[in-house]
Amino acid sequence: VDETIAQAALADPQDDGMDPAGISAPEPPRPSWWDRLITAETGEGPISNYRNHPINFTGDDGGARLARGLTGLFENLNLAIVDLLVGAVQLLWKKPSPAGEPPNVGA
Amino acid sequence: MSEHELIIGMTRSGKSYHAQADAQAWRGPVLFYNPQGQKMDVGEWTRATPTDSLSALVSLLSNRPRARVQFTPHWNTEVARPQLAAIVDACMQRIWTPALLIVVDEADQVAPQGKNGTPAHQIAQRGGKQQVWGRFVTQHPSVVSKMVMRQCTRKTIFLTEDSAAYFKAYGWPGDEIERILSNAPKHSYVVWQSRQLTGPFRD
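Keeping their order, the protein sequence lines are chains R and C. Here the first sequence is numbered in this note's numbering, starting from 1 and rising by one per residue. Here the second sequence is numbered in this note's numbering, starting from 1001 and rising by one per residue.
Just so you know, the hints here were simulated from the structure itself, not pulled from any lab data. Source: prediction; values computed, not measured. Backbone N, C-alpha and C fix where the C-beta goes; we use that ideal spot for every residue, glycine too. There is no bait here: all hints are sound.
Partial list, derived from the structure: chain C residues whose beta carbon lies under 8 Å from chain R:
| hint | residue |
| --- | --- |
| 1 | Pro1050 |
| 2 | Thr1051 |
| 3 | Asp1052 |
| 4 | Ser1053 |
| 5 | Leu1054 |
| 6 | Ser1055 |
| 7 | Leu1057 |
| 8 | Pro1082 |
| 9 | Gln1083 |
| 10 | Ala1085 |
| 11 | Ala1086 |
| 12 | Ile1087 |
Bound conformation, chain R alone (with noise of 0.2 Å):
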């Protein structure tokens, strides 16, 4: 088939990622994850809302606070890798006392 150029060129559109007006409209920058990070506001409520929260392994207003903040930043608290630094932190939280050093107050 004897195509004309017309022809042609719809047979084989150019899609090269452009917006209809011819000039690439350029992304807004996207703010880097420190920018993210010191930005993004505290989880909503009181802090007594996250004296009991699952993630709260302290019991007491610091573990709330931090519970507060996770939510904050992740929202989502059901992330792995929130898992992955609670988890983390209570491993660390709970490291045995080194041999011959005395127990805990109160233990």
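Got chain R sorted already, so can you dock chain C onto it with the hints?
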């Protein structure tokens, strides 16, 4: 000259005349992409439009080493670009002897800054292997794809508006270019090639 060339100049600076004169002197066939359908001042040109046969156009260029064809595409840039792409695709199917010259007037419409994968890119990046060489004509270097600019080993520079700083940003002697052209007769140009500035010249 078997190389890609960028031709820069403001309106009425003489760049289109230069591109036509250069095309007429080319030893092989020439396709002049003429999006505005402007009058060709130098030599005789066979006119082609989107309603012409693609294979007939390529045959004409292939069979007549002195073929001079000007192609005026659809007025809409977004329609015109695929039309040029279809021609370039067809031309890239063979190795040209003698070499084919494709002059892309208003190159910033075909390959605006920030856009990739245009027919101008195909000529600039792959044309050499097929002996297809490009002349990319634009009013200002800032509006044409940098990728295409980089492939042009020869820069022919006519009088431009406020380009000295832009030239300097690319390592070109912007102040010197501006000084020479502002003191030279009308329609003069300089050439920046292999980090050497020559001129002024006139056609």
